[in-house]
Each structure stands twice: as structure tokens, then as C-alpha cells.
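Novice: Single-letter residue listing:
Number of protein chains: 2
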Amino acid sequence: MTKQRKVVYDVLRSKRDHPTAQMIFERTQKELPTVSLATIYNCLEALVSHDVVKQVNVDREPSRYCPNLAEHGHFHNKQTGDVIDINFKPDVNLAEFLDLPEGAVIEDLELNIKGFLK
Amino acid sequence: MTKQRKVVYDVLRSKRDHPTAQMIFERTQKELPTVSLATIYNCLEALVSHDVVKQVNVDREPSRYCPNLAEHGHFHNKQTGDVIDINFKPDVNLAEFLDLPEGAVIEDLELNIKGFLK
DNA sequence: GTAGTTTTTTAGAATAATTCTAATTCCAAT
DNA sequence: ATTGGAATTAGAATTATTCTAAAAAACTAC
Numbered sequence: 001m002t003k004q005r006k007v008v009y010d011v012l013r014s015k016r017d018h019p020t021a022q023m024i025f026e027r028t029q030k031e032l033p034t035v036s037l038a039t040i041y042n043c044l045e046a047l048v049s050h051d052v053v054k055q056v057n058v059d060r061e062p063s064r065y066c067p068n069l070a071e072h073g074h075f076h077n078k079q080t081g082d083v084i085d086i087n088f089k090p091d092v093n094l095a096e097f098l099d100l101p102e103g104a105v106i107e108d109l110e111l112n113i114k115g116f117l118k
Numbered sequence: 001m002t003k004q005r006k007v008v009y010d011v012l013r014s015k016r017d018h019p020t021a022q023m024i025f026e027r028t029q030k031e032l033p034t035v036s037l038a039t040i041y042n043c044l045e046a047l048v049s050h051d052v053v054k055q056v057n058v059d060r061e062p063s064r065y066c067p068n069l070a071e072h073g074h075f076h077n078k079q080t081g082d083v084i085d086i087n088f089k090p091d092v093n094l095a096e097f098l099d100l101p102e103g104a105v106i107e108d109l110e111l112n113i114k115g116f117l118k
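From first to last, the protein sequence lines are chains A and B. The first sequence begins at 1 in the working numbering and counts up one residue at a time. The second sequence begins at 1 in the working numbering and counts up one residue at a time.
No lab work stands behind these hints: they were computed from the structure. Honestly, I wouldn't trust all of these hints.
Each pair may be met inside one copy or between any two copies, as identical chains are not told apart.
[As the list claims (entries may be wrong)] With a cut-off of at most 20 Å between alpha-carbon atoms, the simulated EDC-like pairs for lysine to aspartate or glutamate come out as follows:
id	residue 1	residue 2
1	K114	D59
2	K15	D51
3	K78	E45
4	K114	E71
No experiment lies behind these values; they were computed from the predicted model shown.
Take the sequences, apply the hints, and build the full model.
Specialist: Here is the structure:
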């Protein structure tokens, strides 16, 4: 954990709105004015590969980052652009409802829902 | 439906291996040697926006395209790079198992599973 | 503490999928 | 045939991300 990685991680935890690397860069600059965007990407890469942060991709938009490690999906509000976490109801194992091929081992499951709030 | 769009659509239906735009470009060139990559993107955009083809994104890899319109997910085999369709078991309504916010209207649901075959 | 080694950060260049631009071609309807 | 509108094309532009090389920082053993 370097100083930069810690600040990036804190930025992510302090406002869980699924910011992009650019947004994280801007928020991190308030704390570390000389930080570079490459460092933001490096830090995020380190945090993601150590499984303390999840990278969230919706369509081909810039990646967003999320410190929620529990298995969950994302609701992308088309009207506001917001992305919020969607938890599964208790004791739900998604894989049970899927027609997976013989011998399939799931390493990662990604659920993205797009829509709006009525 | 122009000639190019028809060939692109036929290419997609004749081999349902979720090709990228580049792969579709190469396959289309066999039929239309003077076609351009921009046209492939244009045609795919037209087909996707008219809801006859689905665009499939896994991570930040190049988009893949799929003529299967039934609601389904995708299994991404990390060992082979293959992407295959995953159907839901009969009468399963995923939304029932999710903690959606009040008033959420689902317009699109995207399920990507990464793993391998044992 | 200091010399030596490794890791991280940084700025800027490079990359690659996709989109845009402007010119040309195609086609349908007059 | 001519015109008008849309589609196609080649190539330039865009943009999120990755790479490169150099400088800075962090560690390690002495």
C-alpha cells in the first residue's frame, strides 16, 4: 500500500458512486495535487488485481470502479447516468437458474441492468 | 436493407461464434471485396439499433455481435476465448431474485459469466 | 546512515477500437 | 434522365487505456 494507492482506495470508499478513472483522478488531485492519471490507472490495476476493488464495465463506456466486494450486479440508470449496486435476494444462487454447459466453472459473474426509475 | 447490411447479417447468422467487427469485416470481404471497415461498423450500428442484432461487451475487449434475440447471457471461456450463449432455465425471471430499487424499469439485462470448462 | 536494489510514480508517447468527415456512389421517385 | 436523400467509402480524428523511460521513493543489508 503506497500513499497513492491508499488515497485512491479512500476516494473510492468515501463516495460509492462508481466513478471513472478520470473522476477518481480529479478527486485524488485534491489530496495529492501532483498525482498523474497514469498513477490512477496503476493504482486501480493494483487494487483490482488484489481483489479489493471491482472494475465495472457497462457497454463501451469508460470503466467504473467499485469497492463493494460482495457479489452484486449494477443498475445503470439511462436517464441520470447513475450506476447503483444491486444485491441478490438472500440465498439466491444465480447459477442455478442458468443452462450452463457441462463442467462450467464460474470465476466471475457480471450482471448489468439498464433502465430507469419510474 | 442494403446489400452490405444483408451480407453482414448473413455472416452473423451463418456462424454464431460472436465475432468482433474486425472478424465480420474479414468474413464480409469474401462476399464483398470492396467493403470497408467503416461500413461494417455502420451496418452493425443499424442492425443493433433496429433490434435484430445484439452487441455483446465483455470487459473492455472489442465488441462482439450476436443474432440471438432471445433473452440470454454469455459464457466467456477464459482458456479458449470462446463466447457462448447461456439460456435461462424455463420460466425463470431473473428480476425476481434481485433487490431492485423502487420503480425500476428494466430495459436491458446483460449477464456475462467468465470461467472455463473443466 | 548509506550504498545498492527494487518498486512506484510520473509525463508524455503510443495503441487500438470506434466514430467522424467529406466525397462519392447508389437507388428510388419524379 | 435527373434529382434528392441515404449509404458507403477511405482516411483522419477521437479517446480510454497502456506503454516507455526516467526520476523518485521505499527497502535491505551492511
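Novice: Within a copy, between copies, both or neither: which one fits K15 and D51 at a CA-CA cutoff of 20 Å?
Specialist: Classified as within; 19 Å inside a copy, 36 Å across copies.
Novice: Quick one: K114 to E71, C-alpha cut-off 20 Å, is that within a copy, between copies, both, or neither?
Specialist: Intra 18 Å, inter 14 Å, cutoff 20 Å: intra and inter.
Novice: When no copy is specified for K78 and E45, does a C-alpha distance of 20 Å or less occur within a copy, between copies, both, or neither?
Specialist: Between. Shortest inter-copy distance 19 Å satisfies the 20 Å Cα cut-off; intra-copy 27 Å does not.
Novice: Measure nothing new, just compare the shortest in-copy and cross-copy C-alpha distances for K114 and D59 to 20 Å and report within, between, both or neither.
Specialist: Both: 10 Å inside a copy, 16 Å across copies.
Hint check: no violations occur; every hint is consistent with the structure.
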